[in-house]
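Number of protein chains: 2
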Amino acid sequence: MKRRLAAACLALALAAPAPPPAASGRDAIVQTSVINALMIGRYDGVTPVADLLRLGDFGLGTVDHLDGELIVLDGRAYLARGDGSVVDAGGMTTPFAVVTPFDEDGSLPCPAAGRLAELEAALDAALPQKNAFIAIRIEADLGSITVRSVPRQEPPYRPLEEVSKGQSVWTRDGAKGTLLGVRSPAWVRGLTVPGYHWHFLSADRAFGGHILNCRIQEGVVRYDVCREWEILLPDSPGFDAADLTPDLSRELKRVEGAREPAPAK
Amino acid sequence: MKRRLAAACLALALAAPAPPPAASGRDAIVQTSVINALMIGRYDGVTPVADLLRLGDFGLGTVDHLDGELIVLDGRAYLARGDGSVVDAGGMTTPFAVVTPFDEDGSLPCPAAGRLAELEAALDAALPQKNAFIAIRIEADLGSITVRSVPRQEPPYRPLEEVSKGQSVWTRDGAKGTLLGVRSPAWVRGLTVPGYHWHFLSADRAFGGHILNCRIQEGVVRYDVCREWEILLPDSPGFDAADLTPDLSRELKRVEGAREPAPAK
Chain G
1 MKRRLAAACL
11 ALALAAPAPP
21 PAASGRDAIV
31 QTSVINALMI
41 GRYDGVTPVA
51 DLLRLGDFGL
61 GTVDHLDGEL
71 IVLDGRAYLA
81 RGDGSVVDAG
91 GMTTPFAVVT
101 PFDEDGSLPC
111 PAAGRLAELE
121 AALDAALPQK
131 NAFIAIRIEA
141 DLGSITVRSV
151 PRQEPPYRPL
161 EEVSKGQSVW
171 TRDGAKGTLL
181 GVRSPAWVRG
191 LTVPGYHWHF
201 LSADRAFGGH
211 ILNCRIQEGV
221 VRYDVCREWE
231 ILLPDSPGFD
241 AADLTPDLSR
251 ELKRVEGARE
261 PAPAK
Chain D
1 MKRRLAAACL
11 ALALAAPAPP
21 PAASGRDAIV
31 QTSVINALMI
41 GRYDGVTPVA
51 DLLRLGDFGL
61 GTVDHLDGEL
71 IVLDGRAYLA
81 RGDGSVVDAG
91 GMTTPFAVVT
101 PFDEDGSLPC
111 PAAGRLAELE
121 AALDAALPQK
131 NAFIAIRIEA
141 DLGSITVRSV
151 PRQEPPYRPL
161 EEVSKGQSVW
171 TRDGAKGTLL
181 GVRSPAWVRG
191 LTVPGYHWHF
201 LSADRAFGGH
211 ILNCRIQEGV
221 VRYDVCREWE
231 ILLPDSPGFD
241 AADLTPDLSR
251 ELKRVEGARE
261 PAPAK
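For the record, the sequence lines run as chains G and D.
Note that my numbering has the first sequence beginning at 1, numbered continuously upward.
Note that my numbering has the second sequence beginning at 1, numbered continuously upward.
Chain G with its partners taken away, still in its complex shape (with noise of 0.2 angstroms):
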């Protein structure tokens, strides 16, 4: 009885719409990859981004010849590309996302902030969880937000900092919509982002992006605390035989932390 449940559970987490519970029952955040893969110009899909919808129904990364940013939210797949426009991106491969069961462990209000880096203190002294990784949903109605998204890559591909210079910025006036965000570790050095990383998709699922900077009015905060963190290596000689080791940090804060001054009003 216990091998045909156990089976049924396997078809069942491989074929249900919704996320399976995590194998030890505690709430996961998965990624595919490590980020110095993408830093060093690994930009090819390797993980379908239907088979993360069914380990999270919340997240961000990007896509398959880096065509773009990836915005996971309630169950389905947008992609937000360089040229602005945003499309369903539930058919496409991943070569770097994160995403979890979006399974709220809490909430709070908005506060009004001139800039990101206010935004980012304000959830730093309500959430002190500074060794988990917390996703964070945030509704609002916007002042003001600025995104980028990246142009698709073709090989040989050039590394992430490099290829960013050529990213497309845009800054919209009075916004709604919604911010995604995860807040992993200061520890997580190569692996994924640390501190805060967020997508933004607007209410009408229009426009969407990277966010670099944004003015907040007004909103209600969701987060969802995770320590179970799960990595999934790609199965390639490729990947076995990229060298992953050096430390890219500064290049990657360049290219994901960058943060902008708040927009003249």
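Simulated from the structure, these hints should not be mistaken for lab results.
Fair warning: there could be bad hints in the mix.
One copy or two, either will do: identical chains are not told apart, so a pair holds if it fits within one copy or between any two.
No more than 25 angstroms apart at the CA atoms, straight line, and that leaves these computed lysine to aspartate or glutamate pairs for DMTMM-like [unchecked claim]: (1) Lys253 <-> Asp51; (2) Lys130 <-> Asp240; (3) Lys253 <-> Glu218; (4) Lys130 <-> Asp44; (5) Lys130 <-> Asp235; (6) Lys130 <-> Asp243; (7) Lys165 <-> Asp105; (8) Lys130 <-> Asp247; (9) Lys130 <-> Asp64; (10) Lys253 <-> Asp243; (11) Lys176 <-> Asp240; (12) Lys165 <-> Asp51; (13) Lys176 <-> Asp124.
Predicted, not measured: the structure shown is a model, and the values here were computed from it.
Following the hints, put chain D in place on chain G, whose structure we already have.
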């Protein structure tokens, strides 16, 4: 139905003596806490060994109060104490351990080796998956083996490097037994032990510890390549308050990577 089945799955995962399939259906290596927490002296058990035995039947680590070297073999947990005795560890808790369902991916004859470093060089040549985790099980006739264990600690805990200076070391000639190894990628800094980490358990289950050196006459190597890495983070204010960011690589290498020259014949 799906919800009932999912609930049954969770119940099975929590109750089953055998490891449940990993959330992603891939072969997972699971660890509790991170090695830097052990390095700075967080020796209180945070995870029941019985829970780990549901996530893997093979592995190594330590137990509450750093009371010796933990060995998980064929689904049973053993503790090699600082006084040389081996006892059942199934009812203990652990501050740091690594386990996997040992799912053999291949085997090879164990090369004769005059010292542990020779064995590791031969395994590096045979197992090129340097960016994956590999569980290695070697049944061997040993010309000689040198192991260490550590004495139980009491709070306030001192850092692991200090404690390890008080380790007990034994050498046995003509032993038969199992070498349990975990080889982790070079980029796991601060989270687990990079490279090889070896424990030993004698065939009669009476002798074991953390391997410092060995001379192998013959044996069989079996290995399991793991491409899903799960880290279970302790849920405690003490863990969240700990500064796990310092680079303790050199100290860790002295503690866990120590190798002794081959004992004289």
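Of all the hints given earlier, name the ones this structure violates by number, lowest first. Those not satisfied are hints 1, 3, 7, 11, 12.
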